[in-house]
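Asks: Based on the hints, put chains B and C in the right spot on chain A.
Take a look at the letters that make up each chain.
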Amino acid sequence: MKNMNIKKVVIIITITLTGALAGILYFNSSAKPIRRDIVIKARQYSYEPNRMEVNVGDTLYIKLLALDVMHGFYLEGYDIDAEIPANLSNFKVRKPSDGFNWKDTNEIVIIVTRGGKFRYRCSHTCGTMHPFMQGEMIVHPNHLFNGGVGAVIGFVFGLLWLIYKKNKKGHDNE
Amino acid sequence: MKKNIKEIIAWALVLVILVGTPIIIMYYSHTNNHTQKRMIHLTGVASQGVWTEDEVEAADLTFKTFKRANIVLTQGEEVIFRFTSADVTHTFYAPEIGLGPIVVEAGHYYDIPFTPKLTGKFTYYCTVFCGHCHNFMRGNIVVLTSEQAANRSLAASITMDTIRPTCCAPYRELTDGTNLPFLKRGKLLFLDNGCYTCHGDSGKGGVYNPNYVNRTIPDLITLAKKLKIGDKQEADSLIKILETGTELDKLNDNPPFASYCRFYAQYNSISTKIKDGAPIVLKADSLSFNPPLTMPSWSANLSKRDINSIIAYFISIYNWDND
Amino acid sequence: MNKMEKESGIKIPMDVKNGKNTDLLTKFPLLKRILKARSFQFIIILPNLFVFYVIILAGIIGSPVGNRNIAIVFIWILWWFLLIAIMVPFASRVWCTMCPLPFFGDLFQRMAFIKVRLGKTAYLRNKMFGLNKKWPKYLTNIWIQNIGFLTLCTFSAVLVTRPFVTSIVLGLMLLLGTVMSMIWKLRSFCSYICPVSGFLSLYSSAATMELRRIDNDVCLKCKDKGCYKGNEKGYGCPWSEYMGTMERNNYCGLCTECLKTCPNDNIGLNTRSFASETIIKGYDESWKGFIMLALAMAYSVILLGTNGTIKNWANAPETGNWGGFFIYAAILWSSALVVVPAVFYFFAYLSKLITKSTQSVKEIFKTFSYILVPLGLLAWIAFSFPLIFVNGSYIISVISDPLGWGWNLFGTAGFKWQPLVPDYLGYVQLILLLTGLGFAISRGYRVSLNIFKDEHTALMGLLPMAGFALLVTLAFLTFFIG
Numbered sequence: 001m002k003n004m005n006i007k008k009v010v011i012i013i014t015i016t017l018t019g020a021l022a023g024i025l026y027f028n029s030s031a032k033p034i035r036r037d038i039v040i041k042a043r044q045y046s047y048e049p050n051r052m053e054v055n056v057g058d059t060l061y062i063k064l065l066a067l068d069v070m071h072g073f074y075l076e077g078y079d080i081d082a083e084i085p086a087n088l089s090n091f092k093v094r095k096p097s098d099g100f101n102w103k104d105t106n107e108i109v110i111i112v113t114r115g116g117k118f119r120y121r122c123s124h125t126c127g128t129m130h131p132f133m134q135g136e137m138i139v140h141p142n143h144l145f146n147g148g149v150g151a152v153i154g155f156v157f158g159l160l161w162l163i164y165k166k167n168k169k170g171h172d173n174e
Numbered sequence: 001m002k003k004n005i006k007e008i009i010a011w012a013l014v015l016v017i018l019v020g021t022p023i024i025i026m027y028y029s030h031t032n033n034h035t036q037k038r039m040i041h042l043t044g045v046a047s048q049g050v051w052t053e054d055e056v057e058a059a060d061l062t063f064k065t066f067k068r069a070n071i072v073l074t075q076g077e078e079v080i081f082r083f084t085s086a087d088v089t090h091t092f093y094a095p096e097i098g099l100g101p102i103v104v105e106a107g108h109y110y111d112i113p114f115t116p117k118l119t120g121k122f123t124y125y126c127t128v129f130c131g132h133c134h135n136f137m138r139g140n141i142v143v144l145t146s147e148q149a150a151n152r153s154l155a156a157s158i159t160m161d162t163i164r165p166t167c168c169a170p171y172r173e174l175t176d177g178t179n180l181p182f183l184k185r186g187k188l189l190f191l192d193n194g195c196y197t198c199h200g201d202s203g204k205g206g207v208y209n210p211n212y213v214n215r216t217i218p219d220l221i222t223l224a225k226k227l228k229i230g231d232k233q234e235a236d237s238l239i240k241i242l243e244t245g246t247e248l249d250k251l252n253d254n255p256p257f258a259s260y261c262r263f264y265a266q267y268n269s270i271s272t273k274i275k276d277g278a279p280i281v282l283k284a285d286s287l288s289f290n291p292p293l294t295m296p297s298w299s300a301n302l303s304k305r306d307i308n309s310i311i312a313y314f315i316s317i318y319n320w321d322n323d
Numbered sequence: 001m002n003k004m005e006k007e008s009g010i011k012i013p014m015d016v017k018n019g020k021n022t023d024l025l026t027k028f029p030l031l032k033r034i035l036k037a038r039s040f041q042f043i044i045i046l047p048n049l050f051v052f053y054v055i056i057l058a059g060i061i062g063s064p065v066g067n068r069n070i071a072i073v074f075i076w077i078l079w080w081f082l083l084i085a086i087m088v089p090f091a092s093r094v095w096c097t098m099c100p101l102p103f104f105g106d107l108f109q110r111m112a113f114i115k116v117r118l119g120k121t122a123y124l125r126n127k128m129f130g131l132n133k134k135w136p137k138y139l140t141n142i143w144i145q146n147i148g149f150l151t152l153c154t155f156s157a158v159l160v161t162r163p164f165v166t167s168i169v170l171g172l173m174l175l176l177g178t179v180m181s182m183i184w185k186l187r188s189f190c191s192y193i194c195p196v197s198g199f200l201s202l203y204s205s206a207a208t209m210e211l212r213r214i215d216n217d218v219c220l221k222c223k224d225k226g227c228y229k230g231n232e233k234g235y236g237c238p239w240s241e242y243m244g245t246m247e248r249n250n251y252c253g254l255c256t257e258c259l260k261t262c263p264n265d266n267i268g269l270n271t272r273s274f275a276s277e278t279i280i281k282g283y284d285e286s287w288k289g290f291i292m293l294a295l296a297m298a299y300s301v302i303l304l305g306t307n308g309t310i311k312n313w314a315n316a317p318e319t320g321n322w323g324g325f326f327i328y329a330a331i332l333w334s335s336a337l338v339v340v341p342a343v344f345y346f347f348a349y350l351s352k353l354i355t356k357s358t359q360s361v362k363e364i365f366k367t368f369s370y371i372l373v374p375l376g377l378l379a380w381i382a383f384s385f386p387l388i389f390v391n392g393s394y395i396i397s398v399i400s401d402p403l404g405w406g407w408n409l410f411g412t413a414g415f416k417w418q419p420l421v422p423d424y425l426g427y428v429q430l431i432l433l434l435t436g437l438g439f440a441i442s443r444g445y446r447v448s449l450n451i452f453k454d455e456h457t458a459l460m461g462l463l464p465m466a467g468f469a470l471l472v473t474l475a476f477l478t479f480f481i482g
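Residue numbers (the working numbering), protein chains in the order written: chain A, 1 to 174; chain B, 1 to 323; chain C, 1 to 482.
There could be a bad hint or two in this list.
Partial pick of chain A residues on the chain C-facing surface, computed with a CB cut under 8 Å [claimed, not checked]:
#, residue
1, Asn28
2, Ser30
3, Ser46
4, Val56
5, Gly57
6, Gly116
7, Met129
8, Pro131
9, Gly135
10, Trp161
11, Lys165
12, Gly170
Output of the computed footprint for chain C on chain B, the stretches with three or more beta carbons under 8 Å from beta carbons of chain C [to be verified]:
#, stretch
13, 17-27
14, 53-59
15, 84-97
16, 102-110
17, 282-289
By construction, these hints were calculated from the structure, which means they are not laboratory data.
Note that the structure is predicted; figures quoted are calculated from it, not measured.
We treat Cβ as the ideally placed atom computed from N, Cα and C, and that holds for glycine.
Same shape as in the complex, but just chain A (with noise of 0.2 Å):
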């Protein structure tokens, strides 16, 4: 009984992570990295552009403005953190890892490597809706996110197939 359930779970992984390899091989892109100038506007309470769609190897040039009060820019993944003060083009950033040393700049540089999405969320309260303003980063190729919409459906046909297996052999043996 027990070697059946492990047999079972044998297969169910095999199958989810084939799904995923298969997921993550069929989207699989490669587009040639390029400059990316991008201003990111921020207002209460979402960024402009709300969302970007970047290539891993791609260079950002990203210039931050806010429309209306102070707000922040903590773009997860990649160790960036500004608060930056409206109507001003200047803006201050730091590493997070690095603790809470800030540097004046106008522009941040960002390499990208890491496939993804990334969530850039607001690191000074700004208001009532604070908590949730927030845009995202797609990094392509993401890998967790093709990978995991094969291991989705991989998932779900290894788990048909093992109901309709186990059926059969009910049957067989009665």
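Replies: Here is chains B and C on its own, set in the frame of chain A:
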């Protein structure tokens, strides 16, 4: 009997919680704030454009109008300024008496001990843009001599609050898609963005900017002259050009009037100043503090056409008869 | 199928057959002593009452800045996460055990915190104060809770960001709970009104813990029925459940009265496997599932999404955009009450087509709607993970300064906002969604067997439902990591 004892203990516990909690909160808050020195508790409220000495509680924000703080100090008196913000990041700056700039993040507390040395009537400012009402976020800070402070009626007459413009809701016409006439739009933008808090009522100028090389902020009613426009005719044709949205640099080859290129150079410098702001201001005393008032960058809030409409409005109100 | 199943015609759940259930009370005698103590519920509510009281006060006199006020941080970050990700999946309605909302209502009805009053009130053998009216029959369902929850959630952008609003809503719920217990019998507020109770009831059916009779025969022979009617050792079930026949977690508030009243010591606290109780009894429960699923999707777009326009619609009290708010509310309500159910109905219809079953589509629809429980619960957990991992640092600062008054009780008031591994949350969310999908399909098959009886048809009937679960999972995957 044993059960009744438990019941009594339970009642006691519940009563202790219900009555004790507020008492403990008040008592702790009292001892926590208790110092020998006077504490001046200022809260920044962006939606009303004030630094206030009123208590700002969660229940208040929607209903209450907060009073602009009129800070009164006595020379040599040690006080503690406690800054906090009810909404967004503000900055408190009273350069003339050497206080600030203090960046105040929402909900955080900043205790600054301070002893005033100079006496007189000064202004405090918020120097980080904090929304629609940012420009209104100023008030009086009066330092009395000890003799003045002792004389009540004298102190009252000195510390009387100056009348300052209060922040109003944004103009509906600017946001609801109404097709405003070009010059009217310029005027409303000037009012709506609070430009007059620095450039003076109807752009008459004259607002004092401490340690600024020219002392006061430039007026806008003489903008036509600053743009080197010769007469009313030139002014009218320029307003038309700005209104139709013609690219001004294209007119360089075929100028509408003789002194056009002089105008164009001036126009460029002024519209760039509106667009990008002028964060660095020439100081009168270069070793002293930074002037509190600087031209912010409006590129994010005003389009090129918006900026042109403001320039056109001020060209249009120039009084040519005075020449 | 084993012999017993064939004779009785009832499917016995897998884990009962496998004997996986363990009675925690037999295993831990100390736990049993604690739960059987009359003062247990009082003692466990007391600290919550204190925190709840501080929260209400903080919402009125505290700082208006949400992330510096305990009312917002404790309720919408800490409590919500503990509730949805830990209490409900692992310990059923254990929140109801410690919830302070009915505290004063119970006090009024019993005029006691701990001791038991004997007497006669309706069928109860306890003396209960108040009017003790019977709750109307046509409202004996969770529809009011469904609508109430949806209404609250329509204003969630305001509710979860303004300490004052949070405080007022909690205060009103406390007041309503107290007033209702004066008029109606037992826990009418908890059972039929409390918006939180509604989704607790649905999702607790998936919990890995249950409070049940140990031996069926003992209950059949029992004349006392103290668990239902109360006796000198305790009150009759405040949720009007009879332990002799109770089969589901849904409406059991784990108040532990029956542990005290049972004359035969026949109540056990069992562990069981996740989502092992697969019964949906009425459309109110199905719709609860739809509402929860639709809200999880809507919030992923509105609160955790990036679009500023929708946020401004939801935040109408500040932006004044009530037209937008109306559109937003209309989308929210129609998707929760109509669109998602309609899509599900379509899949149920497909299921009937494929199997050529004689069952009505409605019946298939209702029975299969159980798969919304594991699907929705895990999606909600996946949704809630970023809330605590990103904003959890507020808890550390707020614990030192609960009112936002510049206190520093434990020296942590200056702790800065710092998201915790935000870039790896996607992996956690993917695993959670896969888990939900797995349970939806495996439990879906069990449900399918109950509808279609024979195994081949059951598998065929399951296919459209698996398709629905797959679509929902892919949608969440897109919201979270796509």
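Asks: Would you mind marking each hint as holding or not holding in the structure?
Replies: Do the hints match the structure? See the list:
Proximity of A:Asn28 to chain C is violated relative to the hint, the smallest CB-CB distance being about 16 Å (cut-off 8 Å). Taking 8 Å as the C-beta cut-off, the interface hint given for A:Ser30 is violated, the closest approach to chain C being about 20 Å. With 8 Å as the threshold, the beta carbon of A:Ser46 comes within range of chain C, its nearest partner Cβ sitting at about 3 Å, so the hint holds. Checking A:Val56 against chain C: minimum C-beta separation of about 15 Å lies over 8 Å; hint violated.
Given the 8 Å rule on beta carbons, the hint for A:Gly57 is violated: about 18 Å separates it from the nearest Cβ of chain C. Hint on A:Gly116 holds. Least Cβ distance to chain C is approximately 7 Å, under the 8 Å limit. Of the supplied interface hints, the one on A:Met129 holds, with its beta-carbon coming within about 5 Å of a beta-carbon of chain C, less than 8 Å. Given the 8 Å rule on beta carbons, the hint for A:Pro131 holds: about 6 Å separates it from the nearest Cβ of chain C.
Here the hint on A:Gly135 is kept, as its CB sits about 5 Å from the closest CB of chain C, short of 8 Å. The interface hint given for A:Trp161 is violated, since its Cβ lies 10 Å from the closest Cβ of chain C, which is over the 8 Å cut-off. At a threshold of 8 Å, the smallest CB-CB gap from A:Lys165 to chain C is about 11 Å, leaving the interface hint violated. Checking A:Gly170 against chain C by beta carbon gives a least distance of about 6 Å; that is within 8 Å, so the hint holds.
Counting residues of the stretch 17-27 of chain B whose beta carbon lies closer than 8 Å to any beta carbon of chain C gives 5, which reaches the threshold of three, so the coverage claim holds. Judged by the Cβ-Cβ criterion of 8 Å, the stretch 53-59 of chain B is covered by chain C as claimed, because 4 of its residues qualify and three suffice. Counting residues of the stretch 84-97 of chain B whose C-beta sits closer than 8 Å to any C-beta of chain C gives 4, which meets the bar of three, so the coverage hint holds. Counting residues of the stretch 102-110 of chain B whose beta carbon lies closer than 8 Å to any beta carbon of chain C gives 4, which meets the minimum of three for the stated coverage.
Counting residues of the stretch 282-289 of chain B whose CB falls under 8 Å from any CB of chain C gives 0; the rule of at least 3 is not met.
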